[in-house]
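Undergrad: Each chain is listed here by its residues.
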Amino acid sequence: MQRKVINLIYFLTVFIFCSAFCTNLYAQNKLKFSCSAQIAEALGKDVIEILKEKRGIVFDLKIVSSDTALHRLENGFSEIAAVTLPVSFEMAEKGYVAIPFCKDPIVVIADKSVKLESVSSEEVKKIFSGEISNWSQIKGDVLPMVKIIPCETTGAYKNFERLFMGIKPIKFDFMTYCSISVISGVESMKGAVSFISHGAAVKSDKIKIFDIDKVSPMNSKYKYFQVFTFVTKGMPSESAKGLIDVALSKKGQDIMKEKGMIPIIPLD
Amino acid sequence: MKIKLLFLIIFVFSGCASFTTAMWPEVEKEVVGKDTIVDEKVGYDYELKAKEKSFKVIGIPYCLEKAPVHKITKKQHRGIVFIVIEVPIWGLGLADWVLSYVISESSEKDELIGYRPTGAKKECLDQKEISLISQSKIMIQNSESGEVYWTKTDENGEFSLKDVLGGYSGEKTWNIFMNYNNENRYLTTIWW
Chain A
1 MQRKVINLIY
11 FLTVFIFCSA
21 FCTNLYAQNK
31 LKFSCSAQIA
41 EALGKDVIEI
51 LKEKRGIVFD
61 LKIVSSDTAL
71 HRLENGFSEI
81 AAVTLPVSFE
91 MAEKGYVAIP
101 FCKDPIVVIA
111 DKSVKLESVS
121 SEEVKKIFSG
131 EISNWSQIKG
141 DVLPMVKIIP
151 CETTGAYKNF
161 ERLFMGIKPI
171 KFDFMTYCSI
181 SVISGVESMK
191 GAVSFISHGA
201 AVKSDKIKIF
211 DIDKVSPMNS
221 KYKYFQVFTF
231 VTKGMPSESA
241 KGLIDVALSK
251 KGQDIMKEKG
261 MIPIIPLD
Chain B
1 MKIKLLFLII
11 FVFSGCASFT
21 TAMWPEVEKE
31 VVGKDTIVDE
41 KVGYDYELKA
51 KEKSFKVIGI
61 PYCLEKAPVH
71 KITKKQHRGI
81 VFIVIEVPIW
91 GLGLADWVLS
101 YVISESSEKD
111 ELIGYRPTGA
121 KKECLDQKEI
131 SLISQSKIMI
141 QNSESGEVYW
151 TKTDENGEFS
161 LKDVLGGYSG
171 EKTWNIFMNY
181 NNENRYLTTI
191 WW
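Protein sequences, first through last, are from chains A and B. So in my numbering, spot 168 of the first sequence is number 168, and the numbers just go up one at a time. So in my numbering, spot 1 of the second sequence is number 1, and the numbers just go up one at a time.
Be aware that a few hints might be false.
As the list claims (entries may be wrong) - Going by beta-carbon spacing under 10 Å, a handful of chain A positions derived as facing chain B: (1) V97; (2) P100; (3) K103; (4) S129; (5) G130; (6) I132; (7) V227.
To be verified - Computed list of chain A residues with no C-beta within reach of chain B, every gap over 12 Å: (8) S88; (9) E93; (10) N134; (11) E152; (12) S188; (13) E238; (14) A240; (15) L243; (16) S249; (17) K250; (18) K251; (19) Q253; (20) I265.
These are computed hints drawn from the structure, not numbers from a lab. Model, not experiment: these values are computed from the prediction. Yeah, the Cβ is synthetic: ideal placement off N, Cα and C, and Gly gets one too.
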């Protein structure tokens, strides 16, 4: 019994001394940021680096769906959210501040084995409603279509449904939890087709991006856009304002334009 | 009894932990210090002061707070496992532990390598002028549709929303931005 007590005391002593060796780090200004996967993929790292370099602001970044990002904001888990969904009037009445900052084309992507360059909007509707299931039905090779879509809670799903499908339900073969995971799915499956933001799609050289109705997503006449919006609960904090200002800055806008996005608040 | 005492002494002063600590190479790490400084002016914070039917834009200079960054090179306190094993068997080993601690602490070298922004803004110590931001472009954005309207501040840094949104019906939230020195800055959001 005596030995056990001595051993216990000693273990505790060693533990306390070991803990005392930990160095306390001076906490930098941390911004809790919930970001849609599409926005994080398109802009995230570049903007984060600018913000860290210029203002020393460090992110506590959580990449989730747009819907989840708004819920996290509502429940106090983040100070600012970046979403691809429109913010309702009801939310504005409750005191949420929405700042749309850029538009990004939503594009239809396919595996590189598909030998087509353009599809019509009507064909896109038929593909994702299940009426077309083989590429040969739209002048491609005889190759079955594999439809991969992002989860229903994502901004990509909701925006695509609104812009292309109307009242027709979406039919699919695979569904991904994270919206940008559709890119990996399309890269690895022959005949695969999906939809995602242009800013995220251009990062991969193993997929092709279709023109819609023979209009390229880089063309100003392209009609299918998602709007990227910053949302805060009440007025943005100083750190959140820093992030917003970086997105509106020349450097931030140059990054957006490089990836085919259109800044909503132009500099000139 | 003497043999037991001898073993005890050997294990107390065996030096497993202190030997391991001394022989292992030093480890480098960066530590941000707490003695912050206020650096030179880096920009203006813009505030919108509401008057009766117009707004005034003022600029308050701010400086960034910076914290020193130290490179600390030190031998890590190692061999805790040896001490933990020794103690329950022999009830001692503290001397070994203390010796390895001394080796570790005495090897510490501290070098200041620069300053890094902490992210906090501070009032500049020697420049406290507040400027009226005159003849600057003001952008007013409908937060629902994203549509942007334009106006300019006058020589007093003032602008009126009524001039821009006078014909608009229905209550909406509007984001107000300013373009100054070719940079866009978010000012505030209002109901109109």
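Undergrad: Each hint needs a verdict: does it hold in this structure or not?
TA: Against the structure, the hints:
At its closest, the beta carbon of V97/A sits 5 Å from a beta carbon of chain B; the interface hint therefore holds under the 10 Å criterion. Given hint, P100/A at the interface with chain B, holds; its Cβ is 4 Å from that chain's nearest Cβ, closer than 10 Å. Hint on K103/A holds. Least Cβ distance to chain B is approximately 8 Å, under the 10 Å limit. At about 29 Å, the closest approach between the beta carbon of S129/A and any beta carbon in chain B exceeds 10 Å, and the interface hint on this residue is violated.
Interface hint at G130/A: violated, since its Cβ lies 34 Å from the closest Cβ of chain B, which is beyond the 10 Å cut-off. Given hint, I132/A at the interface with chain B, is violated; its Cβ is 34 Å from that chain's nearest Cβ, farther than 10 Å. For V227/A, the suggested interface contact is upheld, since its CB lies about 6 Å from the closest CB of chain B, less than 10 Å. A beta-carbon of chain B is positioned within 12 Å of the beta-carbon of S88/A; the least distance is around 9 Å.
With a minimum CB-CB distance of about 9 Å to chain B, E93/A fails to clear the 12 Å threshold, and the non-interface call is violated. Every C-beta of chain B lies more than 12 Å from that of N134/A, the closest at about 39 Å, which supports listing it as non-interface. Distance check on E152/A: its Cβ is at least 24 Å (rounded) from any Cβ of chain B, clearing the 12 Å threshold; non-interface status holds. In this structure S188/A is separated from chain B by more than 12 Å, as the shortest Cβ-Cβ distance comes to about 36 Å.
A beta-carbon of chain B comes within 12 Å of the beta-carbon of E238/A; the shortest separation is about 7 Å. Listed as outside the interface, A240/A is inconsistent with that label: its C-beta sits roughly 9 Å from the nearest C-beta of chain B, within the 12 Å cut-off. The claim that L243/A is not at the interface with chain B is violated, since a C-beta of that chain comes within 12 Å of its own (minimum 10 Å). For S249/A, the condition that its CB be more than 12 Å from all CB atoms of chain B is violated, with the nearest at approximately 6 Å.
A Cβ of chain B approaches the Cβ of K250/A within 12 Å, the least distance being about 7 Å, so the stated non-interface status is violated. At roughly 10 Å from the closest C-beta of chain B, the C-beta of K251/A falls inside 12 Å, breaking its exclusion from the interface. Taking the minimum C-beta to C-beta distance to chain B, about 8 Å, the non-interface status of Q253/A is violated against the 12 Å cut. The non-interface label for I265/A is inconsistent with chain B: the shortest C-beta to C-beta separation is roughly 6 Å, within 12 Å.
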